[in-house]
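K.L.:
One letter stands for each residue in the lines below.
Protein chains: 2
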Amino acid sequence: MASVKDVARAAGVSVATVSRVLNDSAAVSAPARARVLAAVADLGYRPNAVARSLRTDATRTIGLVIGDILNPFFTELARAVEDEARAAGYSVVIGNADERPDRQDHYVATLLEQRVDGLLLCPTAEITPLVRDMVERGAPLVFLDRTLPGLDVPSARVDGTAAVHDLVAHLHGLGHRRLAFVSGPATLSTGRERTAAFTAALAAHGLRVRPEYLAAGDFQAASGRAATARLLALPEPPEVIVAGDNLMALGALDEIRARGLAVPGDVGLAAYDDVPWFAHLSPPVTAVAQPVQDLGRRAVRALADRMAGRPVEQVVLAARLVVRRSCGEAAPGPARKEGSGRP
Amino acid sequence: MASVKDVARAAGVSVATVSRVLNDSAAVSAPARARVLAAVADLGYRPNAVARSLRTDATRTIGLVIGDILNPFFTELARAVEDEARAAGYSVVIGNADERPDRQDHYVATLLEQRVDGLLLCPTAEITPLVRDMVERGAPLVFLDRTLPGLDVPSARVDGTAAVHDLVAHLHGLGHRRLAFVSGPATLSTGRERTAAFTAALAAHGLRVRPEYLAAGDFQAASGRAATARLLALPEPPEVIVAGDNLMALGALDEIRARGLAVPGDVGLAAYDDVPWFAHLSPPVTAVAQPVQDLGRRAVRALADRMAGRPVEQVVLAARLVVRRSCGEAAPGPARKEGSGRP
DNA sequence: CCTGATCGTGTAATCGTTTACACGGTCCTG
DNA sequence: CAGGACCGTGTAAACGATTACACGATCAGG
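These protein sequence lines are chains A and B, in that order. Residue numbers for the first sequence follow the numbering used here, so the first one is 461 and each next one is one higher. Residue numbers for the second sequence follow the numbering used here, so the first one is 461 and each next one is one higher.
These aren't lab readings, by the way, just hints derived from the structure by calculation. Because the structure is a prediction, the values reported are computed rather than measured. Glycine included, each C-beta is placed from N, C-alpha and C at the ideal position. Errors might be hidden in some of the hints.
As the list claims (entries may be wrong) - Residues from chain B that keep clear of chain A, each with C-beta distances beyond 12 angstroms, as calculated:
id, residue
1, Lys465
2, Ala468
3, Gly472
4, Ser474
5, Glu536
6, Ala569
7, Asp626
8, Gly666
9, Leu667
10, Arg761
11, Val772
12, Glu789
Said to hold, decoys possible - Chain B stretches covered by chain A per the calculated footprint, using a threshold of three residues with CB under 8 angstroms from any CB of chain A:
id, stretch
13, 496-509
14, 549-557
15, 571-578
16, 739-750
Go ahead and model the full structure; you've got the sequences and the hints to work with.
P.N.:
Here it is in structure tokens:
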């Protein structure tokens, strides 16, 4: 593959002049510039980003480690990160942790060795030694979606407290009192926060938190199904099941269908975290929608600030309730409704 | 960030010895090795992959340019590619072309500059000058999912001819005769092949190909909805609509629901390309499932062969029909059925 | 005791860029 | 016309790793 040296020889100039033309970093005479550009086109020269990065100590690349690439939430997040990063002249290298701390660390290590200029991390479970080390060394890091308590790192996340409150109000308004929640793992900040928001919302409506209505899941479909089976087998089963994420909602739906029950006739279903096809299920599923696009974009901007040494504020965005039909028909009134998951 | 030089100084050895320990490329005395390892741990040394790549002329990285990151087909494909590549010691850098040739070329160019060791490309539409150039220069390239005619490049793809034949046989067996197809763009090999498979299957069952039943789409949901609107507005609308991919099937379903029609009572629906949540729709959608995991893995292996200079055979995998309930209930018999999209 | 093999180690070149510095020429100014 | 400012250009030194080559020490065989 052709190098600057080859281009310089072909154009009859020095490598410095070639570099100057390519980066237009300094004035070059018109004829020299023309000869260089001709040589570049002729040789099909493509600058070697590896060599450039070595010299400039910058890769114009950021790393993004997501929880699970098969989860549409993270896919959409990756898309948004990518768009914003490209606009800022950065490439994004994605690592899929598959919700496993060891795999998360594998990617973090790889990305550090590749000398990404910054790193967006959706941490999987606990603080690993590698992550702690990175934080202590002051690596340009921003947590995305999830946070790790006890580490002073900028983060971009969604606060669903108000939306969950709206959801419980909606359910309460429909006459439901026995509300169950399938929580995410307590090892994840998102798992803890959603559970806390739900129990707080119950309390705000004067509802008792029945321990048997809090079923533990792990954000994967299978756990949602198992939890739902347990809930529906109770002597007094809940009227509505709220799933802590979109995958567990899917598992819950499977179990409900497998038992030949009707939604919302026999049991209502709602989910934290909306995905496009919730609107296409029958009945369409009521969900708490997170501003995923915005979250990704804001995270990139926060990371850009961090890399530039500018002060970084925490990014906290609000979720919103999207009422559909899976918890029962709302009485005619001013309730917000929506037919499709996509604006 | 610490470099070999720092490690060497701390360990009281030369950089060569440090390198030898880290790559165990040659014998090093036990005490020297121990001192080096201690220094590495002490300094938190992380080899600079940029410098290594420059020297060794290999990045242990492959590029993957996909059509659309929001399409679950490509997400699952990326996941499989990633898994296989990691197992072989490669990192994967993903580029999302968003079905736009200009963006595809942006990523191809970027990945070439980053000196990936090989490239998996799901080409978007026509042959661009950049792609032609790359092929002529003999870059280690493998086409994935889609191919470009007239270019002699190894590829990994799915042949759905037999599965589409099975689908038409299934529909025919249910008594349906008026079958419509919402095709993908004729600029994509997958668009052309699926349409050809459908018309051939019709002919094999003695069915006439009615031109008004071939509606052109672009693999995106909106076009599926528009095409379905046209089809349902015909004086003699089709009994079944077959969508050329999963997104257009979703659009079709929206339009059918918007018109207050029942599936499969008023009109049947089937899709080429299965996705997990098809099984969760009501009714569950009959679809042609592609062996996505296998496709991704085989593509990586083909690329690995190509990079190693070994001969590469074309990879062609068969799709299979997954009968669900969206085209009508099958008469009791030996027909294959399936409840869930995931094995 | 000499010779040659083997072993552990260090020195320095190299990969393809960018860029500090030097240098010669032209032009303007006083 | 002398002097400085400025412009275009080239030379060479980095960046951090790998590795060919050389070198001294140890050791075995004759």
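K.L.:
Apply the coverage criterion to the stretch 571-578 of chain B and chain A: a residue qualifies when its Cβ sits closer than 8 angstroms to a Cβ of the chain, and three qualifying residues are needed.
P.N.:
Our answer is that it holds, as 4 residues pass the Cβ test (under 8 angstroms) against chain A, meeting three.
K.L.:
Hey, is Ser474 of chain B genuinely clear of chain A, shortest beta carbon separation above 12 angstroms?
P.N.:
Non-interface label stands for Ser474 of chain B: nearest chain A Cβ at 21 angstroms, farther than 12 angstroms.
K.L.:
Confirm or reject: Ala468 of chain B is not an interface residue toward chain A, with every Cβ-Cβ distance exceeding 12 angstroms.
P.N.:
holds, 19 angstroms
K.L.:
According to a criterion of three or more residues whose C-beta lies within less than 8 angstroms of a C-beta of chain A, is the stretch 739-750 of chain B covered?
P.N.:
holds (count 3)
K.L.:
Checking a non-interface call: every C-beta of chain A should be farther than 12 angstroms from the C-beta of Ala569 of chain B. Is that right?
P.N.:
violated, 7 angstroms
K.L.:
Just double-check Glu536 of chain B for me: nearest Cβ-Cβ distance to chain A has to come out over 12 angstroms.
P.N.:
At roughly 7 angstroms from the nearest Cβ of chain A, Glu536 of chain B sits no farther out than 12 angstroms, so the non-interface label is violated.
K.L.:
May I ask you to check that Glu789 of chain B keeps its beta-carbon over 12 angstroms from the closest beta-carbon of chain A?
P.N.:
Answer for Glu789 of chain B: holds, closest chain A Cβ roughly 17 angstroms.
K.L.:
Taking C-beta pairs only, is Leu667 of chain B more than 12 angstroms away from all of chain A?
P.N.:
It holds; Leu667 of chain B is separated from chain A by about 30 angstroms at its closest Cβ, greater than 12 angstroms.
K.L.:
Checking a non-interface call: every C-beta of chain A should be farther than 12 angstroms from the C-beta of Gly666 of chain B. Is that right?
P.N.:
holds, 35 angstroms
K.L.:
Quick one: see if chain A covers the stretch 496-509 of chain B, three-plus residues with Cβ-Cβ under 8 angstroms.
P.N.:
This one holds; 5 residues, not fewer than the three required, reach chain A with a Cβ under 8 angstroms.
K.L.:
Minimum Cβ separation between Asp626 of chain B and chain A greater than 12 angstroms?
P.N.:
Asp626 of chain B is indeed farther than 12 angstroms from all Cβ atoms of chain A, at 26 angstroms.
K.L.:
Would you check chain A against the stretch 549-557 of chain B, counting CB to CB pairs closer than 8 angstroms, and say if three or more residues qualify?
P.N.:
holds (count 4)
Hints 5, 6 from the list above are not met by this structure, while the remaining hints are.
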